[in-house]
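Order-wise, the sequence lines are chains G and R.
Following numbering that gives the first Met the number 0, the numbering of the first sequence begins with 0 at its first residue and continues without gaps.
Following numbering that gives the first Met the number 0, the numbering of the second sequence begins with 0 at its first residue and continues without gaps.
Bear in mind the hints are in silico, worked out from the structure with no lab data behind them.
Positions of the beta carbon are idealized from the N, C-alpha and C atoms, including for glycine.
Mixed in with the good hints, there may be bad ones.
Which chain G residues face chain R? A few, computed with CB under 8 Å, are given here [stated by the list, open to error]:
1) T12
2) D98
3) V213
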Amino acid sequence: MELHPILQEFLDTWVYPTGFSGPGYDFRMHITERCIPAWNGMTMSAVKAAQEDAKTPTREWLWSSVLAGYAGEGPQMSIKQMSTQLLSVSLEDQERYIDLQRMRAQQVWDEVKHGMLHADVMLRGGYVKREEELMDSADANTLGILSYFGCTAMFPHIHPLARAAQHYFFEGSACLGIQVRMRYMNDPLDLHDNLSQYVDELMHFMEGKYQMDVYALTEKDQRAIEDTLDFLLKPWAPTLADALARAKQGAAA
Amino acid sequence: MNTQPEKIAIRIDHDKCTECRMCYVVCREINLNAVVIDPGPKHLHEIDMDRCTYPGCTVCLMYCPAPASIVETVSGLSLVPPPARVWTEDKRWPRRAPRTGN
Ligand code: SF4
Ligand code: SF4
Chain G
0 MELHPILQEF
10 LDTWVYPTGF
20 SGPGYDFRMH
30 ITERCIPAWN
40 GMTMSAVKAA
50 QEDAKTPTRE
60 WLWSSVLAGY
70 AGEGPQMSIK
80 QMSTQLLSVS
90 LEDQERYIDL
100 QRMRAQQVWD
110 EVKHGMLHAD
120 VMLRGGYVKR
130 EEELMDSADA
140 NTLGILSYFG
150 CTAMFPHIHP
160 LARAAQHYFF
170 EGSACLGIQV
180 RMRYMNDPLD
190 LHDNLSQYVD
200 ELMHFMEGKY
210 QMDVYALTEK
220 DQRAIEDTLD
230 FLLKPWAPTL
240 ADALARAKQG
250 AAA
Chain R
0 MNTQPEKIAI
10 RIDHDKCTEC
20 RMCYVVCREI
30 NLNAVVIDPG
40 PKHLHEIDMD
50 RCTYPGCTVC
60 LMYCPAPASI
70 VETVSGLSLV
80 PPPARVWTED
90 KRWPRRAPRT
100 GN
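In isolation and in its complexed conformation, chain R is listed as follows (with noise of 0.2 Å):
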């Protein structure tokens, strides 16, 4: 059985997003370099769908600080802040208090 989710392609909306970077830092830590800066005058980041693997991984939304500046390409839902589902079934910190939508 494939359990692999439905990949679902990513973007920053550099009107939201506050160029930290935070999100390159941190998708190289897990060694998947899918953050990439354009080599353009402008030196923006973008997201390489080619080695992203939202919503495998969702390491970027648990560390950007910008609410609104990751979304989903197609359906422009807003990742930043981590939406409650992609955590609450975590059960690794019971204090965590269940909570629907976001």
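Same shape as in the complex, but just chain G (with noise of 0.2 Å):
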């Protein structure tokens, strides 16, 4: 498989520079294996969707990914999503899993600050007047990604470790699909809504990598980042492209 070079340098730098070895850092290569695919086929598919956007005269596929950005992040996710996770750790796991609890907390002030971002573009590009006026609408106020409120709201009660791979896979492609958009794309706004987020996407995709280096040592625990995994790469998952999509369409109607 020939490797984007977007991919291939994202995995030279922060995918292999590794601080640990043993068990963990095995298990996360083979994880790796199985993103691979995945992260490749997602990055071609950002070019052909930033190339397509960059020939484009109007700026509606601006409103469409920061709306559909503005739904999948910000209090929203972030109380309903990160505060679970919070409270998905027992209470006699709690000092074993106490980094996984500092980081998540940390989180919850990233994806506010996400969705303040995307507010203000959406602000500045003059699709809103007042922040308020999204309250009225449903597309800016639901993500239909099963995988995203599936996954992140109940498997955390299943395993406090389950997280690593969603931080693992979804944050690692948002990385790419954020580079290739800095990269593909010359228009402020956009580079505006995806400038701070990039670092911040990185470091929620280095808590994976952590995670499972750190936690990920016996069977048992790496199952549960395993299975999440199986449940995140089935081919039936609804991916960002269908939910951007339908965002669109309901921008349209």
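If you follow the hints, you should be able to join the two separate chains into one complex; please do so.
Okay, structure coming up:
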């Protein structure tokens, strides 16, 4: 399989340099093998979408993407999803998983910040006059990605480490998608939407990387991560592209 | 023969850092605890070179997500993302392509 150069660079820079060795690292390399074809495919399709968007004279695509981002991040997701994850670590496990809890609390802030950034782009782009208008839009408040809400709200209750797979696979995809936008597009508002988020997504990816390297040491812990990935990589799982298309249809209706 | 690498100081550039504290977490995980929180009003985190073993250890660099936020104090060399030299020699993962420079 020929890897897209953006993916190759991501792998060389952020995936392979590793501070730990042992079963967690070996397991993460196995997980990496599973993620690479999907990451490569999504990088290629992100390139295609960016090239098409770059050719479009209007900024219709920007509205769809920030709206989907707004619906998928920010207070909505953070409060529902991250807080359920904070609660998913049982009291007796709190000490063992204190770093997960710490990183999860950090992510609440990151996601709220992303929501604010998307709203800012909508305001600057003239799509809405006041952020409150978004409260009337179902598209701004729901995101039709099963794996996103299904997995993120439910799996953490099964095992505290299940989220590591989501962080590794999904946030890795987010980093790649953002890199593509930043390199293939030349739109200042789009760049504004993506620039600061890139580092946050990378941090969330690093969270998954660290959790696997350090915590996924036993068959039982690894199983929880593998099961989550099985779910995320199911061919029937809706993709972000589906969600964006849905948001587009909603906006056009 | 002394095989210890010569000690080089590193510091955090708070203009670049996202304050995610990943470095704090990973350094504590390896029990070196060299990333310390300044008790001053901003609670910034700094690297305590009395405890840090860089360049013997580069763990914080492997997990820090913000380019140019950990730098060598004297040379100003940016160490995030990790320079190729800190990992290309490692044979654990044969897919790693040899790279030059950073
Ligand atoms: S890991 Fe990097 S970005 Fe995060 S707090 Fe440490 S220096 Fe800052
Ligand atoms: S180089 Fe190692 S010891 Fe020094 S701050 Fe980073 S993780 Fe801690």
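Which numbered hints are broken by the structure, listed smallest first? none
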